[in-house]
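**Q** Full structure from sequences and hints, please.
Just so you know, the sequences run in chain order L and U.
Per the working numbering: the first sequence ends with 386, consecutive numbering throughout.
Per the working numbering: the second sequence ends with 1165, consecutive numbering throughout.
Accuracy of the hints is not assured; some may be wrong.
[Claimed, not checked] Pulled a few chain U residues facing chain L out of the computed Cβ check, cut under 7 Å:
(1) 1003
(2) 1006
(3) 1010
(4) 1013
(5) 1014
(6) 1023
(7) 1039
(8) 1048
(9) 1050
(10) 1051
(11) 1052
(12) 1053
(13) 1075
(14) 1076
(15) 1108
(16) 1157
[As the list claims (entries may be wrong)] Dumping the calculated BS3-like pairs for lysine-lysine here, alpha-carbon to alpha-carbon at most 30 Å:
(17) L/188 <-> U/1044
(18) L/285 <-> U/1016
(19) U/1104 <-> L/341
(20) L/297 <-> U/1044
(21) U/1045 <-> L/313
(22) U/1104 <-> L/313
(23) L/47 <-> L/366
(24) U/1062 <-> U/1044
(25) U/1045 <-> L/307
(26) U/1033 <-> L/200
(27) U/1033 <-> L/297
(28) L/188 <-> U/1021
(29) L/227 <-> L/251
Simulated from the structure, these hints should not be mistaken for laboratory data.
Here a beta-carbon is modelled for each residue, glycine too, at the ideal position from N, C-alpha and C.
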Amino acid sequence: MTSLEDKFEESKKLGLQIVRETEDDRLMTLSVGPQHPGSGHFRFTIKVDGDYIVYCDPDPGYVHRGEEKMCEYRNVIQNIPHLERPVIHDSNNITYSYSLAIEELVGIEVPRRGQYIRALASELNRQVYTLYWLAIYGIFLGHSTMFMWPTGDRELFIDLLEALTGARVTHAFNIPGGVRNDIPDGFKDRCVRQVRYFQKRLKEYEDIFYNMPLFRQRTEGVAVLSKEDAVKLGVAGSVVRASGIPYDIRKAEPYDIYNEIDFKVQYMKTGDCFARSYVPFLDMKESCYIIEQLLDKMPQSGEVRAKLQPNPKGPPGEAYRRVESGRGALGYYVVSDGTPKPYRVKISVGSFRNMLALPYLLVGQKLADMPAVYWSLNYWPVEADR
Amino acid sequence: MTSAGGFIRAIESGSKHLVMKRFTFRYPEQKLKFVGDGYQFDPKKGVGIAGYRGRHILFHDKCTGCQLCAIACEGIAEAIGMVKVDESWKHNKKAIMPQIDYGKCVFCGLCVDACPFYALFMTNDYELSAFTKEHLIYTPGQLAIKPKYQGDVEIVIDDRGATHG
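**A** Here it is, written out as structure tokens:
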């Protein structure tokens, strides 16, 4: 059998011009996004050697809206509707830390009942976000049922939030000083009934998706992020918890009433694709218990919103507060110069930090595993671009 | 778990839904039930009353033309403009009232929070589609009409799963 080298020599003798294959010619460059419905306005270029990814270059910024600059031209209340636009299906959490930072600057004490309702709304919203994320993850892997079920069950929580806040997705509910309205009559019974039903549904999710051998084979042992690398890369939220680090802002630096709530930080040790997709599911389970506790421990009556001036302003200063959102730590750094409008607002999001792990994890994986790895990072492009 | 067991359980959990009721409802014939008559605000207590945030309702007998709703909207959507009305009220000497452009409104309801005279509330009406952009601009006269919204569909949970009505 003639080797490749012999063939090359032979063709030279025959006078044929054959271009020799170099290392670079073996690679093919592919562009993923930004129009792909799954990638969500986020583009990354990958180089493949056969079936294996050898290089990845993320290119975010397609949905940059200048949220931080927009904050400098509006007063603190007017900032709320536009600040929730980056993550409309997690809008209570993204305005939560903003409200906390402004409260620290202006010096407002939020009534206890207001704190409980705020935490309740953010927990319900976390469920809405995670179900949406799970639905997209299902359809990414070709599992249509896992797209339909979470999208349908999301309605249970959207229905509750609609009764509580008055809007289905963009709630504009958290406000510096508390929440905008009290919970309506009969909300508690409705909430408990629908959350208990959802807990039953979660067991079915496990049967049809997480314990399914096909899903396990596609995700177990794929793109492992070790504990040390997770710390070095600085990833947040469910990604860092999947790598064996039980870090949750709700436990690490409890805000509002979270130190009165009894809950566990869910984490896994393997750090592979399966762990990253299973930790948000465990968070949903834990969130159900938190919602029931919040409803039980809530003061029966009282103020929900501190009295505020129409244009709240505090002394010059700065504040940094963060909360645990659906995608990890979400912090706001607000600088005030004593006027009603903030001097500078910096939004620090978990999505952006999770995206940094993408080139690291994709290299060495098969092309077919790319969607599974990408969406397991719990990354929301619009939030990262801000 | 063995591989075969996993498949059997997955098929079993999916096929149960063949006999379950449909979760969705038929929209134009059936409509969702909301809490109350829409989002309202009590300026004396300084807190809102829970309700759906749909189209606004303007009470002409209470509006003083103070423009606070338009000022609140300035940095948000700039949907509210003050226009002249052919009405004479003692409390509204300038005879100006808000006009809302629903092509711009984001339904945050902060204009309702700004109104100190119980004049501007929100209603359950969310069906606001129009053929032209001009038709999306609601004059004070149009805003005064109380919408007829009838919805009776709720999430019902029983042994056979969750359904809408």
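**Q** Of all the hints numbered above, which does this structure not satisfy? Sort the numbers upward.
**A** none
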